[in-house]
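Turn these sequences into a full structure, and let the hints guide you.
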Amino acid sequence: MIEVTKDLPRSADGLQMDWLEVPFGPVFPGLPGGLKLTLTLDGDGVTEGQAISLVGVTSKGDNVEESEEMDAETFIAYLSAAIPLAPVSYRLLACLAIEQAAGLEDDSANAGARTGALERERIASHLGWLAQLGRQLGFAWLTQRASTLQLQVREANRDSLAALEPALRTLGTRLERTPLLKSRLMGVGILPTESSGLRGPVASAANEGGDAWARLWQRLAEISASLDLIKSGAEPELPVLRDVGDVSGTGEATVDTPRGEARLSLKLERGHVKSYELDTACSHHIGLVPKLVEGQELGDALLAVGSLDLSPWEVTS
Amino acid sequence: MYAQAFFVAVFGLAAIGFGLVVFRTSSMVRSALALLFSQTAVGCMFLAMQTEFLGVLQIMMMATEMSIMAIFMVMFMMDPGGLGGMDMSHQKRFSIGAGVSAAVVAIAIALLSDWGPLADQVPDAEAQTRALGMELLGRSMMIFETAGITILTAMIAATAVAIPVQNLASKNDKESSE
Amino acid sequence: MTVAIVLLALLGSAWLLAVIEGWMATGRLSPAAPLFNGLAHLGRESIVPRSPDRVFFEAAPVLLLVVAVLGMAVLPLAPDLIIADLGTGALFINAALAYVLVAVIMAGWGPDGAYAMIGGWRFLGQLIAYSMLIVMPITAVAMRAESLVNTAIVGSQSSLWNIVYQPLGFVLFFIAAMALAFRAPFDLPTAEGELGGGVDAEYTGVRLAVLRLARLTLVVTLASATTVFYLGGWHGPLLPPWAWSLIKTLAVAVSMLLVGRYLPRIREADLMRWCWIMGIPLALVNIIIVGLLILVVP
Numbered sequence: 001m002i003e004v005t006k007d008l009p010r011s012a013d014g015l016q017m018d019w020l021e022v023p024f025g026p027v028f029p030g031l032p033g034g035l036k037l038t039l040t041l042d043g044d045g046v047t048e049g050q051a052i053s054l055v056g057v058t059s060k061g062d063n064v065e066e067s068e069e070m071d072a073e074t075f076i077a078y079l080s081a082a083i084p085l086a087p088v089s090y091r092l093l094a095c096l097a098i099e100q101a102a103g104l105e106d107d108s109a110n111a112g113a114r115t116g117a118l119e120r121e122r123i124a125s126h127l128g129w130l131a132q133l134g135r136q137l138g139f140a141w142l143t144q145r146a147s148t149l150q151l152q153v154r155e156a157n158r159d160s161l162a163a164l165e166p167a168l169r170t171l172g173t174r175l176e177r178t179p180l181l182k183s184r185l186m187g188v189g190i191l192p193t194e195s196s197g198l199r200g201p202v203a204s205a206a207n208e209g210g211d212a213w214a215r216l217w218q219r220l221a222e223i224s225a226s227l228d229l230i231k232s233g234a235e236p237e238l239p240v241l242r243d244v245g246d247v248s249g250t251g252e253a254t255v256d257t258p259r260g261e262a263r264l265s266l267k268l269e270r271g272h273v274k275s276y277e278l279d280t281a282c283s284h285h286i287g288l289v290p291k292l293v294e295g296q297e298l299g300d301a302l303l304a305v306g307s308l309d310l311s312p313w314e315v316t317s
Numbered sequence: 001m002y003a004q005a006f007f008v009a010v011f012g013l014a015a016i017g018f019g020l021v022v023f024r025t026s027s028m029v030r031s032a033l034a035l036l037f038s039q040t041a042v043g044c045m046f047l048a049m050q051t052e053f054l055g056v057l058q059i060m061m062m063a064t065e066m067s068i069m070a071i072f073m074v075m076f077m078m079d080p081g082g083l084g085g086m087d088m089s090h091q092k093r094f095s096i097g098a099g100v101s102a103a104v105v106a107i108a109i110a111l112l113s114d115w116g117p118l119a120d121q122v123p124d125a126e127a128q129t130r131a132l133g134m135e136l137l138g139r140s141m142m143i144f145e146t147a148g149i150t151i152l153t154a155m156i157a158a159t160a161v162a163i164p165v166q167n168l169a170s171k172n173d174k175e176s177s178e
Numbered sequence: 001m002t003v004a005i006v007l008l009a010l011l012g013s014a015w016l017l018a019v020i021e022g023w024m025a026t027g028r029l030s031p032a033a034p035l036f037n038g039l040a041h042l043g044r045e046s047i048v049p050r051s052p053d054r055v056f057f058e059a060a061p062v063l064l065l066v067v068a069v070l071g072m073a074v075l076p077l078a079p080d081l082i083i084a085d086l087g088t089g090a091l092f093i094n095a096a097l098a099y100v101l102v103a104v105i106m107a108g109w110g111p112d113g114a115y116a117m118i119g120g121w122r123f124l125g126q127l128i129a130y131s132m133l134i135v136m137p138i139t140a141v142a143m144r145a146e147s148l149v150n151t152a153i154v155g156s157q158s159s160l161w162n163i164v165y166q167p168l169g170f171v172l173f174f175i176a177a178m179a180l181a182f183r184a185p186f187d188l189p190t191a192e193g194e195l196g197g198g199v200d201a202e203y204t205g206v207r208l209a210v211l212r213l214a215r216l217t218l219v220v221t222l223a224s225a226t227t228v229f230y231l232g233g234w235h236g237p238l239l240p241p242w243a244w245s246l247i248k249t250l251a252v253a254v255s256m257l258l259v260g261r262y263l264p265r266i267r268e269a270d271l272m273r274w275c276w277i278m279g280i281p282l283a284l285v286n287i288i289i290v291g292l293l294i295l296v297v298p
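Residue numbers (the numbering used here), protein chains in the order written: chain P, 1 to 317; chain Y, 1 to 178; chain F, 1 to 298.
You may find that some hints are simply not true.
[Unchecked claim] Stretch-level coverage of chain Y by chain F, calculated; a stretch enters the list once three of its residues show a Cβ under 8 Å from a Cβ in chain F:
hint, segment
1, 50-57
2, 67-74
3, 105-112
4, 146-158
[Stated by the list, open to error] Residues from chain Y that keep clear of chain F, each with C-beta distances beyond 10 Å, as calculated:
hint, residue
5, F7
6, G12
7, F18
8, V22
9, A63
10, T64
11, R93
12, P117
13, D120
14, A162
[As the list claims (entries may be wrong)] Not the full set, but computed from the structure, chain F residues with beta-carbon under 8 Å of chain P:
hint, residue
15, A18
16, V19
17, G22
18, A25
19, A114
20, I118
21, D187
22, A191
23, G196
24, R265
25, R267
26, E268
27, D270
Quick caveat, the hints were computed from the structure, so don't treat them as lab data. All C-beta atoms in this analysis are idealised placements derived from N, C-alpha and C, irrespective of residue type, glycine included.
What follows is the structure in structure tokens.
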């Protein structure tokens with residue numbers, strides 16, 4: 001018996017056992033679809049793991065072929081369709097980058113409506129994350145509540161958002177009062193101190209303890225902040241590209257998407273996108289996964305990965 | 001009377017049958033659960049012999065105990081699923097000898113003891129439970145308490161032995177000295 | 001006759017529970033849904049995973065169902081509406097329910113799948129946490145009744161229900177019963193978001209239908225046990241005894257489902273820690289209090 005086990009790697013509890021390599025995803029109830037997490041399990045513990053996206057968007061288009069060249073409108077539609085979890089943000093990002101490439105001034109008339117749409121999507125996206133958290137935790141009430149709200153928020157105008165406001169704001173109080181939730185999330189998914197490339201809620205929460213609990217509260221705070229922004233701003237409207245004509249030039253834009261900052265730089269030639277380069281928050285965050293899951297219990301490891309709010313579509317390849 | 005003897009015999013044979021399965025399979029989990037069902041059959045024999053409390057107790061305790069044994073076997077044995085075709089038996093001649101002589105002794109005791117006169121009336125389950133309670137908390141109290149503590153100590157000791165020393169300081173010393 | 005009535009009551013309660021469960025999940029009250037879902041399961045292909053431990057795989061759902069029904073067999077719905085009023089009824093419940101663990105381990109080991117296996121062994125850890133909290137509160141209940149006979153236990157509560165006499169025991173037993181039935185928030189072996197269904201994951205078709213029925217039956221049995229041990233069983237004004245038993249049982253079962261909706265899943269380590277550091281001392285305190293009450297109050 002000893003002879004057979006002596007060369008096996010040793011786990012944290014000191015027992016030597018067979019390790020299992022188990023796939024979680026690309027369709028797993030507790031993870032966003034399209035994300036494939038491969039964990040090496042030692043009993044209920046994770047010894048190592050890594051995540052890849054099976055549906056990532058292409059980060060670069062260099063000297064696109066003549067036949068595949070997209071005009072500005074097609075490019076915008078392509079980018080927002082490629083990222084179904086945050087279409088408005090990427091639509092806005094593409095619009096801004098193209099408008100800058102066309103040399104247009106900042107558009108103060110539309111800015112309010114665009115911000116409104118972006119903030120509305122932020123609320124909806126965070127609600128979607130809460131629903132996912134509920135699914136992961138087996139917390140049926142949260143899943144149901146958050147996904148109902150998400151559907152209502154997605155297309156809401158300012159008035160209906162104002163009507164939803166009490167429901168959204170009480171969500172935090174409700175979660176604070178939920179027994180077991182704090183003990184379940186505190187200390188889970190603490191980022192290693194040297195981690196770099198953090199953006200969005202994950203980065204802001206890093207200063208507040210940097211665990212899943214802090215990220216939950218960061219997202220709830222962002223929902224509140226977005227509500228305030230929409231209330232004081234203009235009616236949310238889907239960003240529409242202004243008339244740019246057949247211009248050429250290069251442009252670069254940054255948008256604070258629900259998952260963190262995304263940057264897009266592109267080159268226009270006669271109104272067609274010649275090349276572009278996309279840099280998203282999730283492409284950086286997915287690299288945190290191996291450190292986050294190592295040595296954790298399975299449930300905690302999945303929670304830690306979930307708390308990053310990875311969108312596999314936004315992981316550039 | 002005959003029905004009773006019939007059921008005692010059936011459960012007895014089932015106990016022996018499951019007992020055989022324990023050694024006929026190389027899957028550790030199957031082996032543990034076969035032992036469980038063998039013990040459950042012994043519990044059913046108690047029931048057939050109208051000793052309700054002991055029977056139910058046996059059936060209850062074995063479920064937990066054997067399941068815990070199953071996980072220990074999965075933890076410590078290589079090839080717990082029995083798929084590798086590993087031979088886990090050893091000291092065959094000695095075991096056969098020990099088994100046969102134990103059986104002979106048991107049968108001899110069963111046949112040669114003076115069991116006293118047959119009881120005409122079995123007390124009902126409640127009276128049995130009460131009598132058992134009086135016994136456990138009276139004359140036999142020390143024996144059972146000692147046995148309980150001994151088993152607990154053995155369990156803690158077994159777990160402690162299984163886990164290697166996790167003293168970081170001494171481990172570091174060892175590594176630096178190497 | 002009694003057997004048929006009790007089994008029918010069990011099946012009816014399981015059906016009602018399934019309807020209520022569906023109602024809470026979807027917001028629609030559809031009495032026929034459990035029936036159609038069951039039929040749909042029967043119609044679906046029942047897939048056998050690659051290289052299963054066939055005996056365990058096939059036996060586990062059936063064993064779970066048998067165990068739940070056996071547990072119900074010693075619980076009275078009314079003074080004479082009980083399948084077997086054993087002299088050791090309160091202990092027999094424990095014996096029957098101990099095999100829930102065996103069934104879950106078999107369901108976990110049988111299909112040769114990682115999710116299922118982890119789920120099965122997780123339940124063994126869960127047992128180590130909850131089992132003492134099933135046995136010790138029942139001890140206090142039996143102390144008051146001075147009997148292990150379940151009808152005598154109900155009889156002992158004719159003037160005062162045990163939920164008032166020993167509330168601490170009730171709370172501990174209720175929590176432990178939920179852990180035993182592996183309902184949320186104690187659904188570690190089946191955790192949907194962690195193990196994709198765990199021990200349920202590899203079951204399909206007829207086998208899944210049996211497994212689901214068994215799990216519902218188990219909840220009803222445990223709710224009935226809670227009723228018998230703590231809620232005065234069939235006692236109650238106006239309505240006939242069996243009606244009171246059913247109403248109380250369903251109320252307990254529904255509250256078990258409700259609690260799970262509003263709580264996140266507990267961590268295995270936390271469950272173990274709280275059960276052993278808080279639960280078992282509290283259960284001992286409960287036994288001491290009840291013992292003192294029995295001695296002091298005539």
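Quick rundown of the hints versus the structure:
1. With 4 residues having a Cβ less than 8 Å from any Cβ of chain F, the segment 50-57 of chain Y passes the three-residue criterion, so the hint holds.
2. A count of 5 residues in the segment 67-74 of chain Y with a Cβ less than 8 Å from any Cβ of chain F is obtained; the coverage claim is therefore met, three being the minimum.
3. Beta-carbon proximity to chain F at under 8 Å applies to 0 residues in the segment 105-112 of chain Y; the threshold of 3 is not reached and the given coverage is violated.
4. Evaluation of the coverage hint for the segment 146-158 of chain Y: breached, as 0 residues show C-beta separations to chain F shorter than 8 Å, against a requirement of three.
5. With a least beta-carbon separation of about 16 Å from chain F, F7/Y lies farther than 10 Å from that chain, consistent with its non-interface assignment.
6. The beta carbon of G12/Y sits about 20 Å from the closest Cβ of chain F, which is more than 10 Å, so the claim that it is off the interface holds.
7. Residue-level check passed: F18/Y sits 12 Å from the nearest beta carbon of chain F, beyond 10 Å.
8. Listed as outside the interface, V22/Y is consistent with that label: its C-beta sits roughly 14 Å from the nearest C-beta of chain F, beyond the 10 Å cut-off.
9. Consistency note on A63/Y: stated as away from chain F, yet its beta-carbon is not over 10 Å from all of that chain's, at 4 Å minimum.
10. Remark: the non-interface label on T64/Y conflicts with the geometry, its nearest Cβ contact in chain F lying 6 Å away (cut-off 10 Å).
11. Non-interface status of R93/Y relative to chain F is upheld: no Cβ of that chain comes within 10 Å, the nearest being about 31 Å off.
12. The claim that P117/Y is not at the interface with chain F holds, since no C-beta of that chain comes within 10 Å of its own (minimum 25 Å).
13. At roughly 20 Å, the least C-beta separation between D120/Y and chain F is larger than 10 Å, which holds for a residue marked as non-interface.
14. Non-interface status of A162/Y relative to chain F is upheld: no Cβ of that chain comes within 10 Å, the nearest being about 16 Å off.
15. A least Cβ separation of about 16 Å between A18/F and chain P goes past the 8 Å threshold, and the interface hint is therefore violated.
16. Using the Cβ-Cβ criterion of 8 Å, the hint placing V19/F at the interface with chain P is not satisfied: the shortest such distance is roughly 17 Å.
17. The beta carbon of G22/F comes no nearer than 12 Å to any beta carbon in chain P, farther than 8 Å, and the hint placing it at the interface is violated.
18. A distance limit of 8 Å between C-beta atoms decides the matter here; for A25/F the minimum to chain P is near 7 Å, and the interface restraint holds.
19. A cut of 8 Å between beta carbons decides the hint on A114/F: the least distance to chain P is about 4 Å, and the hint holds.
20. Interface restraint check for I118/F: the shortest CB-CB distance to chain P comes to about 6 Å, inside 8 Å, so the restraint holds.
21. Of the supplied interface hints, the one on D187/F holds, with its beta-carbon coming within about 6 Å of a beta-carbon of chain P, less than 8 Å.
22. Contact between A191/F and chain P, as hinted, is supported at the beta carbon level, the nearest pair being about 6 Å apart and thus within 8 Å.
23. Interface restraint check for G196/F: the shortest CB-CB distance to chain P comes to about 6 Å, inside 8 Å, so the restraint holds.
24. Annotation: interface hint on R265/F holds; nearest CB of chain P at approximately 4 Å, less than 8 Å.
25. The criterion of a C-beta within 8 Å of any C-beta in chain P is met by R267/F, whose closest approach is roughly 6 Å, and the hint holds.
26. Hint status for E268/F: holds, given a least beta-carbon distance of 7 Å to chain P, under 8 Å.
27. With a cut of 8 Å, the hint placing D270/F at the interface with chain P holds, because the nearest CB-to-CB distance is about 6 Å.
When each numbered hint is compared with the structure, violations occur for hints 3, 4, 9, 10, 15, 16, 17.
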